[in-house]
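A.B. asks: Residue 41 in this note's numbering is what sits at position 41 of the sequence shown, and the numbering runs on without skipping anything.
Just so you know, these hints were derived from the structure itself, not from any lab.
No residue lacks a Cβ here, since even glycine has one placed at the ideal position from N, Cα and C.
Any given hint might turn out to be false.
What the hints assert, rightly or not - Pairwise CB distance ranges (calculated):
{"hint": "1", "residue 1": "Glu84", "residue 2": "Gln58", "range": "44 to 54 Å"}
{"hint": "2", "residue 1": "Val5", "residue 2": "Asn81", "range": "55 to 65 Å"}
{"hint": "3", "residue 1": "Cys194", "residue 2": "Ala66", "range": "45 to 55 Å"}
{"hint": "4", "residue 1": "Tyr162", "residue 2": "Asp67", "range": "21 to 31 Å"}
{"hint": "5", "residue 1": "Gln201", "residue 2": "Leu64", "range": "55 to 65 Å"}
{"hint": "6", "residue 1": "Tyr188", "residue 2": "Glu84", "range": "16 to 26 Å"}
{"hint": "7", "residue 1": "Ser163", "residue 2": "Asn104", "range": "40 to 50 Å"}
{"hint": "8", "residue 1": "Glu84", "residue 2": "Ser199", "range": "47 to 57 Å"}
{"hint": "9", "residue 1": "Gln58", "residue 2": "Tyr225", "range": "27 to 37 Å"}
{"hint": "10", "residue 1": "Asp67", "residue 2": "Gln181", "range": "15 to 25 Å"}
{"hint": "11", "residue 1": "Asp75", "residue 2": "Asn207", "range": "26 to 36 Å"}
{"hint": "12", "residue 1": "Tyr149", "residue 2": "Ala103", "range": "22 to 32 Å"}
Claimed, not checked - Once the Cα atoms are required to be at most 27 Å apart in a straight line, the calculated DSSO-like pairs of lysine-lysine come out as:
{"hint": "13", "residue 1": "Lys192", "residue 2": "Lys202"}
{"hint": "14", "residue 1": "Lys8", "residue 2": "Lys113"}
{"hint": "15", "residue 1": "Lys113", "residue 2": "Lys68"}
{"hint": "16", "residue 1": "Lys108", "residue 2": "Lys68"}
{"hint": "17", "residue 1": "Lys204", "residue 2": "Lys8"}
{"hint": "18", "residue 1": "Lys108", "residue 2": "Lys183"}
{"hint": "19", "residue 1": "Lys192", "residue 2": "Lys204"}
{"hint": "20", "residue 1": "Lys16", "residue 2": "Lys113"}
{"hint": "21", "residue 1": "Lys183", "residue 2": "Lys113"}
{"hint": "22", "residue 1": "Lys108", "residue 2": "Lys16"}
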Amino acid sequence: MNQSVRLKTIANLIEKDQPTADIGSDHARLARYLVETGMVPRVIATELGEAPFARAHQSAGISLQADKIEVRRGDGLQALNPGEVANVVIAGLGGDTITYILANDWQKAASFKRFVLQPMSRPAVLREALCRQGWPIVNEVIIRENRRYFVVILAVPGTETYSLSPLEMELGPIILQQSSQYKSYLLYHLNKYCQLRDSLQKSKQYNELLAETEQKIASLEAILYEG
Numbered sequence: 001m002n003q004s005v006r007l008k009t010i011a012n013l014i015e016k017d018q019p020t021a022d023i024g025s026d027h028a029r030l031a032r033y034l035v036e037t038g039m040v041p042r043v044i045a046t047e048l049g050e051a052p053f054a055r056a057h058q059s060a061g062i063s064l065q066a067d068k069i070e071v072r073r074g075d076g077l078q079a080l081n082p083g084e085v086a087n088v089v090i091a092g093l094g095g096d097t098i099t100y101i102l103a104n105d106w107q108k109a110a111s112f113k114r115f116v117l118q119p120m121s122r123p124a125v126l127r128e129a130l131c132r133q134g135w136p137i138v139n140e141v142i143i144r145e146n147r148r149y150f151v152v153i154l155a156v157p158g159t160e161t162y163s164l165s166p167l168e169m170e171l172g173p174i175i176l177q178q179s180s181q182y183k184s185y186l187l188y189h190l191n192k193y194c195q196l197r198d199s200l201q202k203s204k205q206y207n208e209l210l211a212e213t214e215q216k217i218a219s220l221e222a223i224l225y226e227g
């Protein structure tokens with residue numbers, strides 16, 4: 001199968017040779033890739049809606065490794081039994097939706113070893129939930145595909161809460177630590193912050209947001225040009 005850079009990046013962050021679940025499987029593409037390349041022994045692909053479930057079931061059925069893919073219908077982690085997989089992938093959904101799926105049952109979520117999370121929007125919401133729950137972010141990867149940046153977050157269950165700065169929440173603590181590797185991504189956001197600052201200065205309102213934006217600009221410039 002000809003798979004995207006985003007899918008392969010997600011696959012490379014899972015623990016190999018371990019059972020895996022893909023929540024909201026999008027035609028079971030990741031499931032097929034994982035079993036057909038021999039990366040994992042089996043995958044549970046889940047969908048909530050009837051039509052997506054049928055499409056995933058059909059796609060899994062034509063795989064040469066169909067016996068290693070189980071398609072289930074259910075809402076988020078409710079389709080899984082506690083601890084039955086090591087890896088859980090939740091990709092292609094908004095940050096709010098991924099957060100909702102995790103927060104719906106943190107106890108069950110903690111029974112799995114690692115989570116590969118790929119929010120399509122509002123990653124700050126997801127990072128905030130992870131740090132409040134005490135789940136460490138152990139890796140982050142930025143990829144560019146179809147003229148768009150995507151963030152992939154690897155998190156593991158934990159119990160010690162921690163805090164992130166507003167800039168870390170938005171752009172990612174590990175991404176900022178690896179600024180030379182992700183310079184184009186950070187410059188893209190620096191430009192967005194500068195545009196927002198200019199707009200806020202013209203409006204002469206939202207002083208708190210303006211101050212926060214100026215702090216982000218100063219911090220990001222220090223990372224990019226002084227670090």
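A.B. asks: Provide an ascending list of the numbers of those earlier hints which the structure does not satisfy.
C.D. replies: 1, 2, 4, 6, 7, 9, 10, 11, 17, 18 and 21
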